[in-house]
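Please work from the sequences and hints to get the whole structure.
Protein chains: 2
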Amino acid sequence: MASNGPVKDKVLTLETLNPCVKVMEYAVRGPIVARAGAIEAELKQGANKPFKRVTKANIGDCHATGQKPITFIRQVLALVTYPDVLMKSPDFPEDAKKRAQRILGACRGNSIGSYTESPGLLAIRENIAKYIKERDGYPCEPIDIAMCTGASDGIKSILTLLLTGKPGTERAGIMIPVPQYPLYSAALAEYNAYPIHYYLNEDNHWGLDVAELKRALNEAKANCKPRAICVINPGNPTGQVLTKDNIQNIIKFAHENKLFILADEVYQHNVYAKGSQFFSFKKVLMEMGTPYNTMELASFMSASKGFMGECGYRGGYTEVINLDPEVKAMYNKSISAKLCPPVSGQAVMDVITNPPQKGEPSFEQFTKEKETVLAQLNEKAKLVTSLFNSIEGITCNEVQGAMYAFPRLHLPAKAVEAAKAAGQTPDSFYCFALLEETGICTVPGSGFGEKPGTYHFRITILPQVEELKEVLGHFKDFHLKFMAQYK
Amino acid sequence: MASNGPVKDKVLTLETLNPCVKVMEYAVRGPIVARAGAIEAELKQGANKPFKRVTKANIGDCHATGQKPITFIRQVLALVTYPDVLMKSPDFPEDAKKRAQRILGACRGNSIGSYTESPGLLAIRENIAKYIKERDGYPCEPIDIAMCTGASDGIKSILTLLLTGKPGTERAGIMIPVPQYPLYSAALAEYNAYPIHYYLNEDNHWGLDVAELKRALNEAKANCKPRAICVINPGNPTGQVLTKDNIQNIIKFAHENKLFILADEVYQHNVYAKGSQFFSFKKVLMEMGTPYNTMELASFMSASKGFMGECGYRGGYTEVINLDPEVKAMYNKSISAKLCPPVSGQAVMDVITNPPQKGEPSFEQFTKEKETVLAQLNEKAKLVTSLFNSIEGITCNEVQGAMYAFPRLHLPAKAVEAAKAAGQTPDSFYCFALLEETGICTVPGSGFGEKPGTYHFRITILPQVEELKEVLGHFKDFHLKFMAQYK
Numbered sequence: 001m002a003s004n005g006p007v008k009d010k011v012l013t014l015e016t017l018n019p020c021v022k023v024m025e026y027a028v029r030g031p032i033v034a035r036a037g038a039i040e041a042e043l044k045q046g047a048n049k050p051f052k053r054v055t056k057a058n059i060g061d062c063h064a065t066g067q068k069p070i071t072f073i074r075q076v077l078a079l080v081t082y083p084d085v086l087m088k089s090p091d092f093p094e095d096a097k098k099r100a101q102r103i104l105g106a107c108r109g110n111s112i113g114s115y116t117e118s119p120g121l122l123a124i125r126e127n128i129a130k131y132i133k134e135r136d137g138y139p140c141e142p143i144d145i146a147m148c149t150g151a152s153d154g155i156k157s158i159l160t161l162l163l164t165g166k167p168g169t170e171r172a173g174i175m176i177p178v179p180q181y182p183l184y185s186a187a188l189a190e191y192n193a194y195p196i197h198y199y200l201n202e203d204n205h206w207g208l209d210v211a212e213l214k215r216a217l218n219e220a221k222a223n224c225k226p227r228a229i230c231v232i233n234p235g236n237p238t239g240q241v242l243t244k245d246n247i248q249n250i251i252k253f254a255h256e257n258k259l260f261i262l263a264d265e266v267y268q269h270n271v272y273a274k275g276s277q278f279f280s281f282k283k284v285l286m287e288m289g290t291p292y293n294t295m296e297l298a299s300f301m302s303a304s305k306g307f308m309g310e311c312g313y314r315g316g317y318t319e320v321i322n323l324d325p326e327v328k329a330m331y332n333k334s335i336s337a338k339l340c341p342p343v344s345g346q347a348v349m350d351v352i353t354n355p356p357q358k359g360e361p362s363f364e365q366f367t368k369e370k371e372t373v374l375a376q377l378n379e380k381a382k383l384v385t386s387l388f389n390s391i392e393g394i395t396c397n398e399v400q401g402a403m404y405a406f407p408r409l410h411l412p413a414k415a416v417e418a419a420k421a422a423g424q425t426p427d428s429f430y431c432f433a434l435l436e437e438t439g440i441c442t443v444p445g446s447g448f449g450e451k452p453g454t455y456h457f458r459i460t461i462l463p464q465v466e467e468l469k470e471v472l473g474h475f476k477d478f479h480l481k482f483m484a485q486y487k
Numbered sequence: 001m002a003s004n005g006p007v008k009d010k011v012l013t014l015e016t017l018n019p020c021v022k023v024m025e026y027a028v029r030g031p032i033v034a035r036a037g038a039i040e041a042e043l044k045q046g047a048n049k050p051f052k053r054v055t056k057a058n059i060g061d062c063h064a065t066g067q068k069p070i071t072f073i074r075q076v077l078a079l080v081t082y083p084d085v086l087m088k089s090p091d092f093p094e095d096a097k098k099r100a101q102r103i104l105g106a107c108r109g110n111s112i113g114s115y116t117e118s119p120g121l122l123a124i125r126e127n128i129a130k131y132i133k134e135r136d137g138y139p140c141e142p143i144d145i146a147m148c149t150g151a152s153d154g155i156k157s158i159l160t161l162l163l164t165g166k167p168g169t170e171r172a173g174i175m176i177p178v179p180q181y182p183l184y185s186a187a188l189a190e191y192n193a194y195p196i197h198y199y200l201n202e203d204n205h206w207g208l209d210v211a212e213l214k215r216a217l218n219e220a221k222a223n224c225k226p227r228a229i230c231v232i233n234p235g236n237p238t239g240q241v242l243t244k245d246n247i248q249n250i251i252k253f254a255h256e257n258k259l260f261i262l263a264d265e266v267y268q269h270n271v272y273a274k275g276s277q278f279f280s281f282k283k284v285l286m287e288m289g290t291p292y293n294t295m296e297l298a299s300f301m302s303a304s305k306g307f308m309g310e311c312g313y314r315g316g317y318t319e320v321i322n323l324d325p326e327v328k329a330m331y332n333k334s335i336s337a338k339l340c341p342p343v344s345g346q347a348v349m350d351v352i353t354n355p356p357q358k359g360e361p362s363f364e365q366f367t368k369e370k371e372t373v374l375a376q377l378n379e380k381a382k383l384v385t386s387l388f389n390s391i392e393g394i395t396c397n398e399v400q401g402a403m404y405a406f407p408r409l410h411l412p413a414k415a416v417e418a419a420k421a422a423g424q425t426p427d428s429f430y431c432f433a434l435l436e437e438t439g440i441c442t443v444p445g446s447g448f449g450e451k452p453g454t455y456h457f458r459i460t461i462l463p464q465v466e467e468l469k470e471v472l473g474h475f476k477d478f479h480l481k482f483m484a485q486y487k
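Residue numbers (UniProt numbering), protein chains in the order written: chain A, 1 to 487; chain B, 1 to 487.
These are computed hints drawn from the structure, not numbers from a lab.
C-beta atoms are modelled at their ideal positions from N, C-alpha and C, and glycine is treated no differently.
If we take Cβ atoms under 10 angstroms as the criterion, some of the chain A residues that face chain B in the derived model are:
1. G37
2. G60
3. H63
4. A187
5. M308
6. P342
Label-pair restraints from in silico Cβ distances:
7. B:P325 - A:P139: 51 to 59 angstroms
8. A:P31 - B:G423: 52 to 60 angstroms
9. A:G168 - B:A413: 44 to 52 angstroms
10. B:E219 - A:G168: 23 to 31 angstroms
11. A:P31 - B:M288: 34 to 42 angstroms
12. A:S89 - B:N389: 45 to 53 angstroms
13. A:G168 - B:G66: 49 to 57 angstroms
14. B:S386 - A:P31: 56 to 64 angstroms
15. B:G423 - A:R135: 40 to 48 angstroms
Spelled out as structure tokens, the structure:
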């Protein structure tokens, strides 16, 4: 086979490989997901298992779990793809055609096959700016928007600016939550930056505790140059929605310590709990006035989450405010070598930020589809929260937002010993057993980080309601059996 | 304005910004392109100029210059975007529907809105592997294919593996051609790797000269750890197509010096000159047998060039062969944190590598559209080559392939002095004057690198034939005037 030459003469071996790549981890697609894939293949070949299919509750992949695409988004996308024929088709409503025409008019040669400006089409950035302005009640300029290939790409572009280019204790220190979506730890490992881990407070709805932020920062100062703080709101994997008060305190802390704020706000449409509300970091910072309203902030949004769940299009944007103009120019230069984000993903962001308006032919259907998805997510968030809190040996903060529950496992000492004997973390041991016995694929809490001695797992709330009920039933049976076995 | 807070308190200033970002340059979208954009805006506002429109001949952006999308590609793309309605439409041929159905069948939830496997859908990688096997006559496995967000993304992923993670003379040395497509210099600057510049031989059709490769490598050994050699074939910006003999010599050189080969083969469909033929590095390396056929090689392909020119979809793939299996696993891990390349771009690659076959309803139209594009490029390559060689003060190697001419300017001493007085390189000075007087936007050779004391510019051959003739006429007038002025 072409892939397996003799190793001795290789340029790249585990010894010579970039050591930063070696230490990278990305648990959401880690070994448990590989095992889930292998089990799926076994099932296809007729293997006898105690379940009929694998439930991939490891990743926020909406359409994969049966959510239907929003019709209007796909209509606009089809129109910009093949306008010569479809613009004349009676199958498409006028408001979709109008949006498609506007996008095509902004594309060179009227084709989405052309490169756009590096930060994305100005016409689309105008809609994004309008959306942000309406959301927050503060001005937003298209020149502060840079579209990206999913939020991950935007986050990495900003992190790149913050690196010091120096080794050892001169490395850039970036504050990241524990638990956290592992893109952050993976990117910091790749860039040889120093992760300053701060623990979210599980006892207070996974909120941010300023005393804990101070502890983390002070302990890290000997090891790095602290540059920035990342906050994920609504939370991934933790499902919390930060209060305005909490955000204000974080902003004050960042100001005192001269930190650039990275606000990962990709779940801004996903808020379910009564009394919870999404406040953007920009809005709060603007409301706070001087000296906070001139702080450097990058906010990230994605086409992959919310009500649309268009993960495959890889759309997203970054809004950066209050950058030093010279730094802003360097940022623009740094993204120009990537040419441009996928234009179809840009078009998805256009529809999300410029949806059908009252009086337009698609308004009713669009609104109904959007609200149905969000209402179902709401129902599932409550279902999951209440189920986990009804089982012995599990506690779970309310899923206030985003798409995940992050329940805590109170495992018996025998289970912890059995895990150690198997060379696994206790939560990996648990999650692998869950997968083998029920086909439910989750991600062990250790992949996101957790307080020592605590064990969790992340499960998405995405399966369709009836399926989710069934999954939770199987989960409960497994859990009680597992607890009895190791009691 | 939200963007301009007071600078003194900023986390990021030019002093604290990642120094690697500071030194990055990407000439294809550099200051001359910014000026071209400004001129376009001036024209829109009614400015009086000696020309009516800006001709963007600075970037290989096919549809932007009037090339029409290939119908079959867009049909398949529209079908996978909005299948519920379009799969039933009589406007779409059966072979397009068949391909769309196969792609959707491979997507979770039958939606291109789902994430795919990190290296892309297996069903599409199977078609890519088949395409490569047929192209080269050697086996190719889907597990050796990783799709990417345009070739640039694939190239950066491989470069990342090759970094040493060490500073100073321990940095990874990567051999790159001069002149070269500036993605390479930009990525190496960003990664703090050491660029080992080797000069292409302008006197021998921009071929690679082994003596020059040796010189470059030997001189660099004191400054870095040499790890890899990048070769662009067909050449960008130089338009050459390497002979098999030349490729064999490069492979031998890489073997002797234990270098990983990065073969940028995105223009593999773009070969025009009589007697020129595209040979992939993989094919040549396989033909050469032991010990060459176990060498580590990455080959890059793109949806943006060729006959399709679908730049906006950001599709592409990397084939890696002969990797140490442990390194291969690390490579797969490293791309997993990017989730997956845009699925619509993956679908474009599917059609390119699995076009309509004889007997299928779309075969004739597809073949005609493809051949028309390539025949026009052929005509334009000849037009450009002969025009440049007919003008005093310019010499130009034959445009054998790719999409660019890279003519050499033999500038009078007075022009060189005038450039110095203006604080510009002589070729920048020339290209800015060309832009201001004719509206033709090109890229100065200094953006790609050139031998000291030589001056060039890159111009695409993409404008439509009649427009290109007109452009070349204006160019000639400008050039003769410029030469007379500085004689």
